[in-house]
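Asker: Chain by chain, the residues run as shown.
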Amino acid sequence: MSTLAYAADAAAALLLLAGALFALVGSWGLVKLGTFLKRLHGPTKSTTLGVGCVLVASMTHFALRGTPSAHELLITLCLFLTAPVSAHLMVKAALHLDPKIRPGPPPGGPAGD
Amino acid sequence: MRRWLPNPLVSLVLFLAWLLLAMSADPANLLLAAALAVAVPLATRSLAPEPARIARPAAIVRLGFVVLFDIVVANIQVARLILGPESAIRPRFVWVPLAVRDPNAIAALAGIVTMTPGTLSSDLSPDRRYLLVHAFNAPDEAALVAQIKARYEAPLLEIYR
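First to last, the protein sequences are chains A and B.
With this note's numbering, the residue at position 85 of the first sequence is 85, and numbering never jumps.
With this note's numbering, the residue at position 98 of the second sequence is 98, and numbering never jumps.
I should point out that these hints are in silico values taken from the structure, not numbers from a laboratory.
Note that this is a predicted model, so its numbers are computed, not measured.
Heads up, a few of these hints could be off.
Unchecked claim - Below, a list of computed lysine to any residue pairs in the SDA-like style, where the Cα atoms sit at most 25 Å apart:
hint, chain 1, residue 1, chain 2, residue 2
1, A, K92, B, P139
2, B, K149, A, V31
3, A, K100, B, A55
4, A, K100, A, L15
5, A, K38, B, A55
6, B, K149, A, L17
7, A, K32, B, A107
8, A, K32, B, A88
9, A, K32, A, P106
10, A, K32, A, A11
11, B, K149, B, D102
12, A, K100, A, L17
13, A, K32, A, A10
14, B, K149, B, A25
15, A, K38, B, A35
16, B, K149, B, V66
17, A, K38, B, D123
18, A, K100, A, R39
19, A, K32, A, E72
20, A, K38, B, D102
21, A, K100, B, D102
22, A, K38, A, V56
23, A, K32, B, K149
24, A, K38, B, A107
25, A, K32, B, A55
26, A, K92, A, A18
27, B, K149, B, P85
28, A, K100, A, L79
29, B, K149, A, G104
30, B, K149, B, S87
31, A, K32, A, K92
32, A, K92, A, L17
33, A, K38, B, G84
34, A, K100, B, V66
35, B, K149, A, A18
36, B, K149, A, H88
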């Protein structure tokens, strides 16, 4: 294996490790943090970079072996489209179930018209 | 044109997405991609708001890089906060006054705010003039609002018109 391929494989391995680490921290936040809204930040966010790292590693790995794949781009696209929607729905549900945590209306404007 | 392709941008994205999914550009897949690009927007036309009018492709690319950069930086910040003592975290809700009016642009902004770690768009005021953002750790409310407006909203104002 050429030096370049070796370096690319090493980079992919490092990216996999980094991605796994971020996913782990995100999940750890889900277990550790005290309130629902704080917990929501762990898995919706740190996992973004975690999945991103794994996808870049996957593209590197397969491009190196002569079967370049663009599926990772689609995964990224779907992730970026769906993650905000599910997070938004969960916050809405939380605000609905526990109106005490809902902040007051926006400053300087009618809240509902 | 408008009758069969009510939303050309969505059609283009669907067309390319199918080719990426199939990983080939042989005639059968091109035909299927074209069929999807026509059929899906027609079938979902009653769900969609007005089609987005987008200008300045360079601004879109620049915004994409800003968002990617912020995702990386802020992910590291959030990871550190999670691993540190929980008492150091100051979560709060912030109303961000919006200058963007286009519903598509507001949706894009809300999505970007959620994808960048540390902030979560939670609600939109009924008059669509304020976005409720939940911040994981925001000691300074004004700085957070200024950051969202300068980094994400200003480019979106250029892009959607």
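Asker: None of the hints should be skipped; say for each whether it holds.
Answerer: How the hints compare with the structure:
Among the hinted pairs, K92 of chain A with P139 of chain B is consistent with the structure: their alpha-carbon atoms are about 24 Å apart, no more than 25 Å. As the CA atoms of K149 of chain B and V31 of chain A are separated by approximately 32 Å, the hinted pair breaks the 25 Å bound. Restraint check for K100 of chain A and A55 of chain B: the C-alpha separation of about 42 Å exceeds 25 Å, so the hint is violated. For a cut-off of 25 Å, the pair hint linking K100 of chain A to L15 of chain A is broken: about 42 Å separates their Cα positions.
Simply put, K38 of chain A and A55 of chain B have alpha-carbon atoms about 37 Å apart, too far for the 25 Å limit, and the pair is violated. The suggested pairing of K149 of chain B with L17 of chain A is violated, with an alpha-carbon distance near 34 Å, which exceeds 25 Å. Restraint check for K32 of chain A and A107 of chain B: not satisfied, since their Cα atoms lie roughly 31 Å apart, outside the 25 Å limit. Note on K32 of chain A and A88 of chain B: the hinted pairing holds, with a Cα-Cα distance of about 14 Å set against a maximum of 25 Å.
The hinted pair formed by K32 of chain A and P106 of chain A fails the criterion: a straight-line CA distance of about 31 Å is larger than 25 Å. As the CA atoms of K32 of chain A and A11 of chain A are separated by approximately 31 Å, the hinted pair breaks the 25 Å bound. At most 25 Å may separate the alpha-carbon atoms for a hinted pair to count; K149 of chain B and D102 of chain B meet this at roughly 15 Å. Distance check on the hinted pair: K100 of chain A and L17 of chain A sit about 41 Å apart at the alpha-carbon level, beyond 25 Å; violated.
This hinted pair does not check out: K32 of chain A and A10 of chain A have alpha carbons roughly 33 Å apart, beyond 25 Å. This hinted pair does not check out: K149 of chain B and A25 of chain B have alpha carbons roughly 41 Å apart, beyond 25 Å. Straight-line distance between C-alpha atoms of K38 of chain A and A35 of chain B comes to about 44 Å, which puts the hinted pair past the 25 Å bound. Pair hint K149 of chain B plus V66 of chain B holds up; C-alpha atoms about 13 Å apart against a cutoff of 25 Å.
Taken as a hint, the K38 of chain A and D123 of chain B pair is honoured in the structure, with Cα atoms around 16 Å apart against an allowance of 25 Å. Among the hinted pairs, K100 of chain A with R39 of chain A is consistent with the structure: their alpha-carbon atoms are about 18 Å apart, no more than 25 Å. Taking the CA atoms of K32 of chain A and E72 of chain A, the gap is about 31 Å. The hint is violated against a cut of 25 Å. Taking the CA atoms of K38 of chain A and D102 of chain B, the gap is about 30 Å. The hint is violated against a cut of 25 Å.
The suggested pairing of K100 of chain A with D102 of chain B is violated, with an alpha-carbon distance near 31 Å, which exceeds 25 Å. With a C-alpha separation of about 28 Å, the suggested pair K38 of chain A and V56 of chain A falls outside the 25 Å cut-off, and the hint is violated. Distance restraint check for K32 of chain A and K149 of chain B: the Cα-Cα separation of roughly 32 Å exceeds the 25 Å cut-off, and the hinted pair is therefore not satisfied. Between the alpha carbons of K38 of chain A and A107 of chain B the distance comes to roughly 23 Å, so the proposed pair stays at or under 25 Å and holds.
For the suggested pair K32 of chain A and A55 of chain B, the alpha carbons sit about 44 Å apart, so the restraint of at most 25 Å is broken. For the given pair, K92 of chain A sits about 32 Å from A18 of chain A by alpha-carbon distance, which is inconsistent with the 25 Å threshold. Restraint check: the Cα-Cα separation between K149 of chain B and P85 of chain B comes to about 30 Å, which exceeds 25 Å; the hinted pair is violated. Proximity of K100 of chain A to L79 of chain A is assessed by CA-CA distance (about 31 Å); at most 25 Å being required, the pair is judged violated.
Only pairs whose Cα atoms come within 25 Å are accepted, and K149 of chain B paired with G104 of chain A is accepted, the gap being roughly 21 Å. For a cut-off of 25 Å, the pair hint linking K149 of chain B to S87 of chain B is broken: about 28 Å separates their Cα positions. Between the alpha carbons of K32 of chain A and K92 of chain A the distance comes to roughly 22 Å, so the proposed pair stays at or under 25 Å and holds. For the suggested pair K92 of chain A and L17 of chain A, the alpha carbons sit about 34 Å apart, so the restraint of at most 25 Å is broken.
Pair hint K38 of chain A plus G84 of chain B holds up; C-alpha atoms about 14 Å apart against a cutoff of 25 Å. Between K100 of chain A and V66 of chain B, the direct Cα distance comes to roughly 35 Å. Violation of the 25 Å bound is thereby established for this hinted pair. Between K149 of chain B and A18 of chain A, the direct Cα distance comes to roughly 31 Å. Violation of the 25 Å bound is thereby established for this hinted pair. For a cut-off of 25 Å, the pair hint linking K149 of chain B to H88 of chain A stands: about 20 Å separates their Cα positions.
Taken one by one, the earlier hints fail for this structure at numbers 2, 3, 4, 5, 6, 7, 9, 10, 12, 13, 14, 15, 19, 20, 21, 22, 23, 25, 26, 27, 28, 30, 32, 34 and 35, listed in ascending order.
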